Amino acid sequence: MKKGAFILSIELLQSIPKLIMISLTIVVIFASIQIYVNRDRDVRDIESHLLAQRFFYSKNCAIYSDNARAYPGIIDFSKFNENSLGNCYAAESNIGFKFTLKDIGSKVIKEIKLNDVPFDLCNVKNKNFNCYFNKQYVLYFDNNVKKQGLVDTWIIIKNE
Amino acid sequence: MNKKGVESIFWDSIGLIVLILVLFLFWITTDFIGKMADQRYYIGESEIVNPGNIILLNYLRTDVEIDLDNDGNLDKINMADLISLSYDNNNYKELLNKETKKILESLKPYTWNMEIRKENEDMILEVKTEERIGLYDQFNSYIEIPTYNNKLIKIRLYLESQNWPAGVITEKG
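Protein chains in written order, with our numbering: chain W, 1 to 160; chain Y, 161 to 333.
There are no misleading hints in this set.
Below are the BS3-like pairs computed for lysine-lysine, each with C-alpha atoms no more than 25 Å apart in a straight line: (1) W:K102 to Y:K288; (2) W:K125 to Y:K268; (3) Y:K268 to Y:K314; (4) Y:K236 to W:K102; (5) Y:K278 to Y:K288.
Calculated directly from the structure, the hints in this document are not laboratory data.
Quick caveat: nothing in here was measured; it's all calculated off a predicted structure.
Chain W on its own, in the form it takes in the complex:
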């Protein structure tokens, strides 16, 4: 073997750790960028919030409205039924909803369930379902009489 060739192969051997480290660095940089860019955003929580808010803001749900406008947060008791709420949430056939209207003393006045999803699943720590609960202070019109009440909202979304 020539002397020059011997020195070259020694340098090649010496550069192996450096090559490994450079390769590792490149892999880590690209992997980090990929993880950051392609990260999944978990929107189930905000989706549940927004679905719940529809109940309190949309006159197509149970919100009281006159000829002029709708009144967010005030419920028309005549619209608080399965038919109206079913139309309001018609597109969400795979999501379970439960709305419970109570008086100010927490006595249940009426409860509406949509899509027949068992809400007992929320009592179990289960990653297959995302449960949302909210409590709202509302006013509701029952035969043109304004009353105080509370609405408990349960939403259950199956994870895909």
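Place chain Y on chain W using the hints.
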């Protein structure tokens, strides 16, 4: 091994340590940026859908009965009117306190804190439950209403979703 070879091992080791440190710093930075992004997303979510706004709005709309003109008959006014009357008349504060507590206590398991202040920040009324601990979803609502004599009243409602029903995850993170 010659002197150059010994030097190479020395400098290569330092180089490797520096490289590992750089990678570690890079990992820390990426992780930190990720958490910051999540935090911004979380705050945005609370801002977009704040259940406290409807609660505060309905609180102000709630009717109360009080004998305003001492004729023995109860007059119907709403909470916004009652707050306005309480601005410079302490006689209304007892009813205001009672009605406010009645409404807000019905909101359990929310914990809450309501402050009603004059425009110079003097307190008209403060009602609250236990201290908020800052680990759960928090919703802050604020509104300014005028009084009958053109003064301003500031109303702040702080809600925190502690002690939520089992199975509902509201804890941050």
